[in-house]
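Below, each chain spelled out in residue letters.
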Amino acid sequence: MKLHIFCLSTVMILLTSCAVEKQRHLPNLSPAPALEETSCSAAVFPQGKWQFIHAIDFSMKNGAGTAVIGVTSLSRNRIDCALITIEGLTLFEAAYEEEKGLEIRRAVPPFDKPLFAEGLIRDLRTIFQPPTGGMQTGQIPGAITVCRYADNMGRVIDVLPEADDCWQINIYNSEMTLDRSITGRSCRNNGSAQVPEYLELNSYGQTGYTLKMTLIRADKL
Amino acid sequence: MKLHTLLIAVWFFILAPPPSFGSADRNQVHLDSIRADFVQEKHLKILARPLISTGIFAFQAPRSLRWEYLTPVPSIMLMHNGKLSKYTKIDGQFTKQRGMGLDSMQFMLGEISNWLDGRFAENEMFVASFPDEQTILLKPKDQTLAGLISKIELKLSDQRGILDTIMIFEGSDSYTRMTFSNTVINKNIPASLFTQK
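In the order they appear, the protein sequences are chains A and B.
Numbered according to the working numbering, the first sequence spans residues 12 to 232.
Numbered according to the working numbering, the second sequence spans residues 433 to 629.
Every clue listed holds true.
Some but not every residue of chain A turned toward chain B, in silico, with C-beta under 10 Å:
id	residue
1	Gln62
2	Val79
3	Ser84
4	Asp91
5	Ala93
6	Ile95
7	Ala106
8	Arg117
9	Glu211
10	Lys223
11	Thr225
12	Ile227
13	Leu232
Each computed DSSO-like pair below joins lysine-lysine, with the alpha-carbon atoms no more than 30 Å apart:
id	chain 1	residue 1	chain 2	residue 2
14	B	Lys521	A	Lys223
15	A	Lys72	B	Lys528
16	B	Lys477	A	Lys231
Hints listed in this document are in silico derivations from the structure and should not be mistaken for laboratory results.
Treat the numbers as computed from the prediction; the structure is a model and nothing was measured.
Glycine is no exception: its CB is placed at the ideal position from the N, C-alpha and C atoms.
I would like the entire structure built from these sequences, with the hints used as guidance.
This is the structure we're talking about:
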């Protein structure tokens, strides 16, 4: 009996692993009724000037992590951001502009590593700014509507404007393997944008990490 | 000392209120315990409006502490019988935060003991000055700390031994103001307040 249960469990685990692995590869895109790019970009990415404040729980694969408050201000092509401890001390403050690049105003250890700043800005741009590159629309298995972008670094970004009750963004690397995913939950209609009450960013691979972001407030500036 | 240890130490240092103004020679109120509500305002240039947090602070000599944020991010730091733990509520659940070193606790308890014994000016971290009867100004001795906090201003209330506000200045356009209210001193606090979430 125990052997049967063990075999069954093993098969189930293998099947589950295969299913998960399959989901981590770029799904085929099938034709679907035409979808305007604005349906994706306007529904998912905030337009105009906004400020978002989130409680952020950061956790690494090894379990290490911390909780901070994140401030993100959006204005045209500019992102200003800050990380503050719950106790009110500023750990990190920076600005990013397409033309000017990254300006770090304050970085307290361990947030003073250049890779941290670049990674943070990359994640914020993924969450708040529409992808660049050629776009096509269609459906992926499950009849899910997708705007698919191919950028100049060989990556593919799938924007799912109607995933569950909110939206989802999946980023595939040049090998077409899922590199990062961002899932918005409990979206509320705030002007033109769907603002999620909760965001979860998962980064895969050996140095994977998870950001759980709970919205504290969203201000249209 | 690691940075997070330093930051926690700073907070404990400023939250453990001075029993007397200036020096140990003045009439002192011996503080065995203190409990207060607080409102914390974070001001930062990029913030469209200040970030307001609320919570409670409780300390019982010699080594018990509850430092709890109720809003906007529920978070509880507990210290009792040599054990330090911190929990933060994310996605509806309190999660224990890892990486809180015991070295910081020992350091903080030493600082708090100094305050409770009236040795306000005796500390490793700050140089204290007294611009007026209600104000204590603290400037960091250590260059690393000075890079994080330029100065701290403590405003005392009319009631001896009680803090009204704390202003922590990080730079010219960044500061945190904590205002205390409903302060109760020297009233026994049940141990459960320092052990239970």
